[in-house]
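Undergrad: Position chain G against the provided structure of chain X, taking the given hints into account.
One-letter residues, chain by chain:
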Amino acid sequence: MSEDDDRSPPSDSVTTTDSCFSKTQTCTSGSTSGSGPSSVPEFQAPYPDQVLENVLENVLCFLTSRRDRNAASLVCRSWYRVEALTRSELFIGNCYALSPRRATSRFTRIRSVTLKGKPRFADFNLMPPTWGAYFAPWVSAMAKAYPWLEKLHLKRMTVTDDDLALLAESFSGFKELVLVCCDGFGTSGLAYVASKCRQLRVLDLIESEVSDDEVDWISCFPESEMCLESLIFDCVDCPINFDALERLVARSPSLRKLRLNRSVSIGQLHRLMVRAPQLTHLGTGSFRPSEDVAHGEQEPDYVSAFAACESLVCLSGFREIVPDYLPAIYPVCANLTSLNLSYANITAEQLRPIIRNCHKLQILWVLDSICDEGLQAVAATCKELHELRVFPIDACEDSEGPVSEVGLQAISEGCRKLQSILYFCQRMTNAAVIAMSKNCPDLVVFRLCIMGRHRPDHVTGEPMDEGFGAIVMNCKNLTRLAVSGLLTDRAFSYIGRYGKTVRTLSVAFAGDSDMGLNYVLEGCPRLQKLEIRDSPFGDAALLSGLHHYYNMRFLWMSSCKLTSGGCQQIARALPRLVVEVINDEADEDMGNFVDKLYMYRSLEGPRDDAPKVVSIL
Amino acid sequence: MAYEGDLNLKATELRLGLPGSDEPKKQASAPSIRSNKRASPEIAEESRTRSNSSASIAENGDRGIDEPPAKAQVVGWPPIRSYRKNCFQTKQNDAEGEGACMYVKVRVDGAPYLRKIDLKVYKSYPELLKALENMFKLTIGEYSEREGYNGSNYSPTYEDKEGDWMLVGDVPWEMFICSCKRLRIMKGSETKGLSCL
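These protein sequences, in sequence, are chains X and G.
Read left to right, the first sequence gives residues 1 to 617 (full-length UniProt numbering).
Read left to right, the second sequence gives residues 1 to 197 (full-length UniProt numbering).
Excised from the complex, chain X in its bound form:
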């Protein structure tokens, strides 16, 4: 990625003779082959430069992919500069890879920023809560550098109410705020955004922790007609002012996406649906009647309300579903491309009549309460399915579980176009995984979580090596892999040999020795994100990846066999790598082993906002 190159940000002056002439021959026809200050008369030089740069600007505007832009910026200084001037979307995969100042100095005309903070294992309480990924320095820098900022997309960042207030004050044309897996703020922060961002089109809060400051943020939206297109707050776990929400929906004619939280009852949902039949994405809230529904009162016609939503393609919610109400969604099933029932504890019998109509379904998230039978029903109808996630209702290690290799096999046979799967189960066989590798060759994401640690193939008693081996062998487009169950080094040798396109790998409780990690680090040239926990990989294995760590976004290893000596060696060998070691307090039992290692490439060196529990080597 070109953010890493050592070039200092070019000067602002546009026409200097040395800019183009010093490096390559692609710049202008008038240059001599670049060997220092040329013999071309200086008074002629500015004009071709300017034309070229104008041409470049106009051409580079069409480049939208950041990979293309990164490549273009490496051509020469002129291209670097023009690319920086024409880039409008900034993507930063690790907020500590560079400083806000460096980003804003290089890219001056940014309209949209995507910023990611903590690694994924932070979601599972593996990181101290004060670890970092603070949005504050970013919003301060952007407030000055990007007054025309329109979109902000944050993932796993700590955002405070003050940050949101500053955001709301600083960007008058602000249109889109998307916060995924973020924390640190509450309804007071939302109130700032609602009241001050007058051009707001999108406010999406996804799987974020929002504290209940008892502020009625829904009422803070301006009273006039709004251009709101998307309002997603299903993760906000506090009651809301429903009447205010109803009025908001009524004055937002462009609203297409609405995902309610579980404080909204099905009766209230009905009222909103009647006001907004143009919705394309709906999160239904609790999908149960409220406690104080007076009995004897006629229940609204939910079926008609759904039937009126002719554009509905994405349905989610069902946070506290009373299954009797599920049939109300029949009218929209035939059009649905995405259905999220992952909070709905329903049986196969309850699912079947619904799923039977979902011929166009592409994305399905469910709970394992539907059992293998439910998955068979899915496989029978959903021929267009390309993403499936099966979550466990009972997230613990047990010997029985409602879904197994039977469900996986059925899906592999019925849903040949599958590209992405996340499957939690208690037992699995190699045969079913191998079948999936052959039946679903388009798989891009394969994440299998056998919840019992070190559990082998429950029919043959063998490790799960062959199954995962088949996946990397047969799925030529595979970029993301998560492994589980009993795995020996052999599984890793398969991954190293065949997993040439793998970019993200998650490993837990697997492997026998250093060789396992070695295979992966030497065999997978595209590897960018590697997260490992509780596996017997030590310093030697860690050192075998020295050639590759600068190409990676990060490496996470916890409860492995790393010593601080080994980590020190890495830190010394690779100065541009930040090597963070986190040892749980009062942790004498671990002896010499490092508890958690998190390392990532960075242009800035050690950060200054790390908590005490983090040591940066």
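For the record, the hints were derived by calculation from the structure and aren't laboratory data.
Each residue gets a CB set at the ideal place from its N, CA and C atoms; glycine is no exception.
Be aware that a few hints might be false.
Residues from chain X that keep clear of chain G, each with C-beta distances beyond 12 Å, as calculated [unchecked claim]:
(1) Ser230
(2) Pro392
(3) Leu546
(4) Pro611
For each label pair, taking beta carbons as the anchor points, the in silico distance ranges come out as [to be verified]:
(5) X:Asp213 - G:Lys130: 55 to 63 Å
(6) G:Lys123 - X:Cys238: 17 to 25 Å
(7) G:Asn134 - X:Glu604: 28 to 36 Å
TA: Then chain G, alone, in the frame of chain X:
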């Protein structure tokens, strides 16, 4: 399942009560605070001996007499976000009707439907009565020991474990929630009869 490498003293401990019936509850109250400090070296050993260690973690307790007591929970495993985990733990308790919740049916005289409420949610009689008033849109009036409920047509009564119908408020709250099987909000003249008992 045998536990290699784990001194399972709890299993041989002599005590009153069903095996496995108290330890899991303690753990359920502090799920992810335990660190996995010890888990890691043990797991490494177990994998070398290739034992099929299915650590049976009884988070909800009461799995049955045959279940061995729970092993230490591993932080962050399985990899489910806590929000999702917590959603279903409470739901499971609801379904089983034990542990954190206590649902009883409520009938109001003259109404066609029954309702259910969770008594554990309330801490005292006034709270409960207020909730009933809100739920059914009626007023219940003031309780007095001698005269029952004054000031309205409605009196809350309950059926206790012995099958007797009692006036709500006659016994201390703790005793009430242990013995209440169902509620009935009686209307009109019938209530006068009860309060005289």
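Undergrad: If a hint holds in the structure, say so; if it doesn't, say that too.
TA: Cross-check of the supplied hints:
Against chain G, the non-interface label of X:Ser230 holds: every CB pair exceeds 12 Å, the least being about 21 Å. Its beta-carbon lying about 7 Å from the closest one in chain G, X:Pro392 breaks the requirement of being farther than 12 Å from that chain. No Cβ of chain G comes within 12 Å of the Cβ of X:Leu546; the nearest lies about 25 Å off, and the non-interface call holds. Interface exclusion of X:Pro611 from chain G stands, the closest Cβ pair being 17 Å apart, more than 12 Å.
Distance hint check for X:Asp213 and G:Lys130: the Cβ-Cβ separation is about 26 Å, which falls outside the suggested range of 55 to 63 Å. Between G:Lys123 and X:Cys238 the beta carbon distance is about 22 Å. The supplied range of 17 to 25 Å therefore holds. Our hint of 28 to 36 Å for G:Asn134 and X:Glu604 is violated, since their Cβ atoms are close to 57 Å apart.
Hint compliance for this structure: hints 2, 5, 7 are broken, all remaining hints hold.
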